[in-house]
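Residue numbers (the working numbering), protein chains in the order written: chain A, -1 to 194; chain B, 18 to 361.
If you are wondering where the hints come from, they were derived from the structure by calculation, not from laboratory data. Hints are supplied without guarantee of correctness; some may be wrong.
[What the hints assert, rightly or not] Derived EDC-like pairs (lysine to aspartate or glutamate); straight-line CA-CA distance at most 20 Å:
no. : chain 1 : residue 1 : chain 2 : residue 2
1   : B       : Lys39     : A       : Asp46
2   : B       : Lys39     : A       : Glu146
3   : B       : Lys39     : A       : Asp15
4   : B       : Lys39     : A       : Glu131
[Unchecked claim] Only some residues are given here: those of chain B computed to face chain A with a beta carbon under 7 Å:
no. : residue
5   : Phe29
6   : Glu30
7   : Leu38
8   : Leu41
9   : Glu264
10  : Val315
11  : Gly352
12  : Val353
13  : Thr357
[Unchecked claim] Label-pair distances were calculated between CB atoms; the ranges are:
no. : chain 1 : residue 1 : chain 2 : residue 2 : range
14  : A       : Glu39     : B       : Arg290    : 43 to 53 Å
15  : B       : Glu224    : A       : Asp43     : 36 to 46 Å
16  : A       : Asp1      : B       : Asp193    : 54 to 64 Å
17  : A       : Ser58     : B       : Gly137    : 13 to 23 Å
18  : B       : Arg44     : A       : Asp1      : 39 to 49 Å
19  : A       : Asp43     : B       : Ala166    : 21 to 31 Å
20  : A       : Ser58     : B       : Asp155    : 27 to 37 Å
21  : A       : Ser58     : B       : Met27     : 19 to 29 Å
Glycine is no exception: its CB is placed at the ideal position from the N, C-alpha and C atoms.
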Amino acid sequence: MTDPRTDRELLVASRVDTGAFEELYRRQVGATIRFAARRAERPSDVVDLVAAVWLEVVASLDRYEPHRGDALPWILGIAANLCAVDRRRRAREREVVRRLGGRRALDDDDFERLERAIDAHAVAPALRRGLRELPPAERGVAELVLLEGLTPAQAAEALGIRAAAIRMRLARARRKLRSVAAESTPAARSVKEVSR
Amino acid sequence: MKTTGARDPMTFEQDVLNLALKSLRERQGSGLLAPVPRRPRPRQRTAIAIAAAGIAIAIALPIVLPGGGTGGAEPAAAALLHRVALRAAQQPREPAPGPGQFLYTKSESFSTSLYVVGDGTTFLFQQPSTRESWIGPDGSGRLLSTSGAVTFPTAGDRATWVAAGSPDLYEHLTEDELFEPGALFSPDYADLPTDPEELLELIERREIPGIGGPDNDWGTFVIIGDLLRETSLQPKVRAALYQIVAEIPGVELVGRVIDGAGRPGVAVAYTNRNTDAPGRWELIFDPTTAALLGENEVLVADSTVDVESGGPGAIYGGVGPAGTRSYSGTYLVSGVVDSTTDTL
């Protein structure tokens, strides 16, 4: 029996209903794994980031405003902020994980699945380098739009920035990435297409 | 949750979920999580954002009925609202856009925002903007907005901006976008009940398409503001909405005011302290036509935000010291036009 509630209803209901949270997690954990796999080099980094994202989702539940956008862009916005912002917060998340009893070690199956995910979602090295060189504010925007496929409006919602601001950042990011896009890898091509 | 067998069947997904659920139960148990969403910010309610949603937000949470009080709005406010409701009911029916036509609206806004420089450094800035929208019944249309010149509430805010290298605050930026059918939120409110009780029931069940809000009196006030703003409603529906506002406990009379465009109006307000951005929200009406002229939001307590969550360059609304006018909107014109280049 599938839960008829929409993602955003589940996210709102999660404040009081752990079942709703579980259902939302079941639906969207894959998207966060893909997000993490694109940014991590080792399976354990993927899991660290996925765990950090979902703990941050829990910590931010009362900040979600359902009329402002769908659940997944909001979750990916949290993920992008976690990556962009700073190591201090990541350290705090690791602290939370420890306090909550820690994660168990990855078994071989997990390890292999994650390696495959990292391979499948690898971003062309040139593009990854290009993204890494962007200032944090532009990088968050560019990643959500170019890698995760959010629209600029969704990315604006996700990052809590005004649409006008995001368009400026995206335009700047695209200009900087254009030289990267000249190398014709699939991911780089997508940059070109989006930047038209 | 850890199993003890030689081979642990739990995937890392299940492991992470267990951690998150632990954390969630902790927060639920500690009362950190309010069961309803944070106060919506009207200015953020862009047509695009709602287009992404496209559907009603029926929040499956218990409705908190008006807190046991018998009163409704403060008597002076209720009297005003009943008079405005009578005026509303007497207005001619507003034309609704037909196929190929658009509901055109023009508004001005003013907002105070917080800019995150990084490392805990922030400054406040103020900025006006104008917005025009053309929205067709099929959800096609055009949004045109222009931001104005930035000012700073204090010399200290300006100094912080300068010290940060005068980051771009997107002054005089024009955004002009055309939308395909279905891309914009274009609710059909033609069939809303004109009976205040029936309408209130729909609102309390949060069953009006595209309109959501916290399940409390504040949320009801917010929803009514959303319904009155830049919509085409039957006069009797508009009248019913004013009657409903008169029944909301906590609604106060502000009295005569001058709106952002210099027009005389009358205003009522609701103060919401039960939020991390406690504010007083005023709705300003034209006393003769009952049209919504504008709205103001003023913070009634210092409001901060966890600046780490957005990172450098992030911009937040609804933040500042008590007394900050965090937002005001002024609705200038509204009517039906035949193309996305026509104005009124």
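Worksheet item: Should the interface hint for glutamate 30 (chain B) be scored as holding, given a Cβ-Cβ cut-off of 7 Å against chain A?
Response: holds (5 Å)
Worksheet item: Are lysine 39 (chain B) and aspartate 15 (chain A) close enough, with their CA atoms no more than 20 Å apart?
Response: holds (13 Å)
Worksheet item: Straight-line Cα separation of lysine 39 (chain B) and aspartate 46 (chain A) no greater than 20 Å?
Response: holds (16 Å)
Item to complete: Check the following: the C-beta atoms of glutamate 39 (chain A) and arginine 290 (chain B) are separated by a distance inside 43 to 53 Å.
Response: Given a distance of about 48 Å, which is inside 43 to 53 Å, the answer is holds.
Worksheet item: Should the hint that valine 315 (chain B) touches chain A count as held when the rule is a Cβ pair under 7 Å?
Response: violated (20 Å)
Discussion item. Hint validation: glutamate 264 (chain B) versus chain A, beta carbon distance must be below 7 Å. Holds or violated?
Written reply: Result: violated, 23 Å to nearest chain A Cβ.
Practice prompt. Can you let me know if the beta-carbon spacing of serine 58 (chain A) and glycine 137 (chain B) is within 13 to 23 Å?
Written response: holds (19 Å)
Practice prompt. With 54 to 64 Å as the target window, see if aspartate 1 (chain A) and aspartate 193 (chain B) comply at their CB atoms.
Written response: violated (40 Å)
Item to complete: Can you let me know if the beta-carbon spacing of serine 58 (chain A) and aspartate 155 (chain B) is within 27 to 37 Å?
Response: Between serine 58 (chain A) and aspartate 155 (chain B), where Cβ atoms are some 36 Å apart, the hint holds.
Worksheet item: Against chain A, is phenylalanine 29 (chain B) within 7 Å by beta-carbon distance?
Response: holds (5 Å)
Discussion item. Lysine 39 (chain B) and glutamate 146 (chain A) were given as a pair; does the straight-line alpha-carbon distance stay at or below 20 Å?
Written reply: Answer violated: lysine 39 (chain B) to glutamate 146 (chain A) is near 28 Å, above 20 Å.
Discussion item. Hinted pair, alpha-carbon criterion (20 Å max): lysine 39 (chain B), glutamate 131 (chain A). Please report holds or violated.
Written reply: With Cα atoms ~37 Å apart, lysine 39 (chain B) and glutamate 131 (chain A) exceed 20 Å; violated.
Of the numbered hints stated above, those contradicted by the structure are hints 2, 4, 9, 10, 11, 12, 13, 16, 18, 19, listed in ascending order.
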